[in-house]
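Engineer: Construct the entire structure; sequences and hints are all you get.
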Amino acid sequence: MAVREPTHMTGKQRELLNKILVTGIASFILIAFIMPLGYMFTSGIKSTAQMNDPNASPFWPQSPKTIEYEGEQLEVYQVPTEDGVKELAAVTKTRTKTTFIDPENPEAGLIEWEGNWRKDLVPVYFADAKWDNFKTAWDELNFPLLFRNTLIIAVTGTIGAVGSSILVAYGFSRFDFRGKNVLFMIVIGTIILPMQATLIPTYIVFSRIGWVNTFLPLIVPHFFANAYNVFLLRQYFMQIPRDLDQAAMIDGAGPFRILVSVILPQALPAITAVSLFHFFFAWNDFFGPLIYLVSAPELWPLSVGLQRFNATYGRMPNLIQTSALITLVLPVIIFFLAQRVFMQGIVFSGVEK
Amino acid sequence: MTEVSRAATVSRASKKPKTGHMQRYHTKWGYIFISPWIIGFLAFTLIPVVATVVFSFTNYSPVTPELTEFVGVKNYVRMPSDAKVVESLWVTVRYALLAIPITLSFGIVLALLGNAKGLLGKNIFRTLFYMPMMIPIVAGAVIWKGVMNTQTGWINVALETVGIPGPDWVNSIFWITPAMVLIGMWGVGNLMLTLMAGMQGVPTELYEAAEIDGANAWRKFRNITLPMISPVLFYNFTLMLIGAFKFFDLAYVLKDGTGGPADQTLFYVLNFYKNAFEYNLMGYGSALAWVLFLIVLILTIFNFWGQSRWVYYAGEGRN
Chain Z
1 MAVREPTHMT GKQRELLNKI LVTGIASFIL IAFIMPLGYM FTSGIKSTAQ
51 MNDPNASPFW PQSPKTIEYE GEQLEVYQVP TEDGVKELAA VTKTRTKTTF
101 IDPENPEAGL IEWEGNWRKD LVPVYFADAK WDNFKTAWDE LNFPLLFRNT
151 LIIAVTGTIG AVGSSILVAY GFSRFDFRGK NVLFMIVIGT IILPMQATLI
201 PTYIVFSRIG WVNTFLPLIV PHFFANAYNV FLLRQYFMQI PRDLDQAAMI
251 DGAGPFRILV SVILPQALPA ITAVSLFHFF FAWNDFFGPL IYLVSAPELW
301 PLSVGLQRFN ATYGRMPNLI QTSALITLVL PVIIFFLAQR VFMQGIVFSG
351 VEK
Chain D
1 MTEVSRAATV SRASKKPKTG HMQRYHTKWG YIFISPWIIG FLAFTLIPVV
51 ATVVFSFTNY SPVTPELTEF VGVKNYVRMP SDAKVVESLW VTVRYALLAI
101 PITLSFGIVL ALLGNAKGLL GKNIFRTLFY MPMMIPIVAG AVIWKGVMNT
151 QTGWINVALE TVGIPGPDWV NSIFWITPAM VLIGMWGVGN LMLTLMAGMQ
201 GVPTELYEAA EIDGANAWRK FRNITLPMIS PVLFYNFTLM LIGAFKFFDL
251 AYVLKDGTGG PADQTLFYVL NFYKNAFEYN LMGYGSALAW VLFLIVLILT
301 IFNFWGQSRW VYYAGEGRN
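Protein sequences appear in the order of chains Z and D. Position 329 of the first sequence, counted from 1, bears residue number 329 in my numbering, the numbering being contiguous throughout. Position 62 of the second sequence, counted from 1, bears residue number 62 in my numbering, the numbering being contiguous throughout.
Since the hints were made in silico from the structure, they are not lab data. All residues carry an ideal CB built from backbone N, CA and C; glycine is no exception. Be aware that one or more of the hints could be misleading.
[What the hints assert, rightly or not] With a straight-line Cα cutoff of 35 Å, these simulated DSBU-like cross-link-like pairs (lysine-lysine) come out:
| no. | chain 1 | residue 1 | chain 2 | residue 2 |
| --- | --- | --- | --- | --- |
| 1 | Z | 12 | D | 122 |
| 2 | D | 122 | Z | 19 |
| 3 | Z | 86 | Z | 19 |
| 4 | D | 84 | D | 74 |
| 5 | D | 74 | D | 246 |
| 6 | Z | 119 | Z | 97 |
| 7 | Z | 12 | D | 274 |
| 8 | D | 246 | Z | 19 |
| 9 | Z | 19 | D | 220 |
| 10 | D | 274 | D | 84 |
| 11 | Z | 65 | Z | 130 |
| 12 | D | 84 | Z | 12 |
| 13 | D | 122 | Z | 180 |
| 14 | Z | 65 | Z | 119 |
| 15 | Z | 180 | D | 28 |
| 16 | Z | 130 | Z | 119 |
[To be verified] Taking beta-carbon pairs under 8 Å as the criterion, some of the chain D residues facing chain Z (in silico):
| no. | residue |
| --- | --- |
| 17 | 127 |
| 18 | 256 |
| 19 | 281 |
[Unchecked claim] Rough simulated footprint, nothing fancy, chain Z against chain D, three-plus residues with beta-carbon under 8 Å:
| no. | segment |
| --- | --- |
| 20 | 81 to 94 |
| 21 | 142 to 149 |
Structural biologist: The following block contains the structure:
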């Protein structure tokens, strides 16, 4: 950091100052950066009334405090009295005069206060988290169905994408055949192709064979390998020495046998990485399901379900945040458990899905 | 040691001389293993791309397929005079021009901090800055839409406490673009990691030499770090430019796919989506898709060209 230190500081002091400064700046930016998650969480446990109450804290869920007095719910205010500010419950309210009762000491009778309660008094609030929101959102959006659909698409797609990519990467890394280099260039070339360039004819065909409004368009194409996975796996397979292949071959193992018993056990880190990448891609994909499933609500995955809820239930901003939290919790947990795979894998391959 | 190297020599040697039998074995199994890709490439890439070109010369609509006819280059001629296409290109380019310098600068700041010697909890820092990339984009958009709410959103609450009246981020014609840039910065993790790796690759002798010459931190950054990480910066620059032309999810979720306010979120792909799947103009949509492909192709070529042209690579000198 660009700090010109006074010369009388010792090396240790300078180091400490540097630590405090750098860590302080980083923490400040980090807090601002992940602040939306805090908003999501606290809004997700508020009621709509709490969200819209201008006097309640914008940060955590708060409700105005009330007490029961002679069968009625009375609102509690902070009232300035001769003995300092007291928390009193309003019995009758008019524009110029309000009568209160002291909840601590109701026998003392009514206390009169001159002034405009609406303008001059602050209501008393207490922390009041609405944990029920999780249950309500769970039922309102039908999360069991959304999770089921998302898992079907993501798991079968991942199996297909990884399985087929392993075969293709094995072909490219272990066999020498005519046209291999040109074909591999084409594989890499398809990375730049925007999916929109193939979308319309593909959609028309899927529509003709009755695949629109089924999971098939989101699953079947992944069974034919994709460039990212093939590239990453091939790079990894190339680093595995061929000696073991040859030893196995001398022992009479065929190509499939070599793949299963020699290559795969050694390539587990790369296979884990591509599996996770594809799973995340499928879990988060919005465009594909929007195109192919838009008129079949019973097949919506989380992404489309959440978007539709957000578009139609604007009057429930709290439940929208609760739902966002439910949607992101699984990917975030998987990320924390396997963060090394993501953060190293991406630097290693230089490509992002 | 010697055994390993001998084994390596043997394996290298045995790769080369190929008898007819070996060659047949390699060809047969090579093609068998890559066949899933070949089939997929033909069925889901090559044929559809060619079909997109063919469709782009027709007025095909799935509602009235019987009226389909070839219209020549009409779809392409129509684009420059289609106000929505012109607007969508402007929205896309304007977003890129604003987002790229801001996001790159932010990424550099984070990478400098992440590599700084004094940073405590380096791994926590890196993980948490990376984490939002893993949040589903729809959830992220929904969260940010809440954070930017005029009444209850924390951004405007914070602005209010310092006496600044916050704007109506997602409904304002002016503020919607900065709002999307801000939200897009949640995806800075990948950029941060690649920049950190790039900075770690700078030889420390360069800094030591500069220190002997009395260079301060800024001069070291400006004259050593920046040129040395310029390949990473350039790579990310073109990647983000291409990303802007594929931008869809965030714009769709923020404004429910309307493209509003006043078409300010009508990105190129959103306009494509509306034409092809809302107005059922699939012939015109095909032409738009094909133009998108050309734009991305040109930007990719520009990426490769630029890398060889002005980006500094260690050991090659500076052009």
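Engineer: For each hint, tell me whether it holds in the structure or not.
Structural biologist: Checked hints:
1. Z:12 to D:122: Holds: residue 12 of chain Z and residue 122 of chain D sit about 20 Å apart, inside 35 Å.
2. D:122 to Z:19: With Cα atoms ~12 Å apart, residue 122 of chain D and residue 19 of chain Z stay inside 35 Å; holds.
3. Z:86 to Z:19: 46 Å, violated
4. D:84 to D:74: 16 Å, holds
5. D:74 to D:246: 24 Å, holds
6. Z:119 to Z:97: 12 Å, holds
7. Z:12 to D:274: 62 Å, violated
8. D:246 to Z:19: 41 Å, violated
9. Z:19 to D:220: 20 Å, holds
10. D:274 to D:84: 11 Å, holds
11. Z:65 to Z:130: OK: residue 65 of chain Z and residue 130 of chain Z at ~15 Å, within 35 Å.
12. D:84 to Z:12: Answer violated: residue 84 of chain D to residue 12 of chain Z is near 62 Å, above 35 Å.
13. D:122 to Z:180: Cα-Cα ~43 Å, so violated.
14. Z:65 to Z:119: It holds: about 18 Å lies between the C-alpha atoms, which stays within 35 Å.
15. Z:180 to D:28: 12 Å, holds
16. Z:130 to Z:119: 29 Å, holds
17. 127: 6 Å, holds
18. 256: Holds, because the Cβ-Cβ distance from residue 256 of chain D to chain Z comes to roughly 4 Å (cut-off 8 Å).
19. 281: Since chain Z brings no Cβ nearer than about 10 Å to residue 281 of chain D, farther than 8 Å, the hint is violated.
20. 81 to 94: violated (count 0)
21. 142 to 149: holds (count 7)
Against the hints set out earlier in the document, violations occur for numbers 3, 7, 8, 12, 13, 19, 20.
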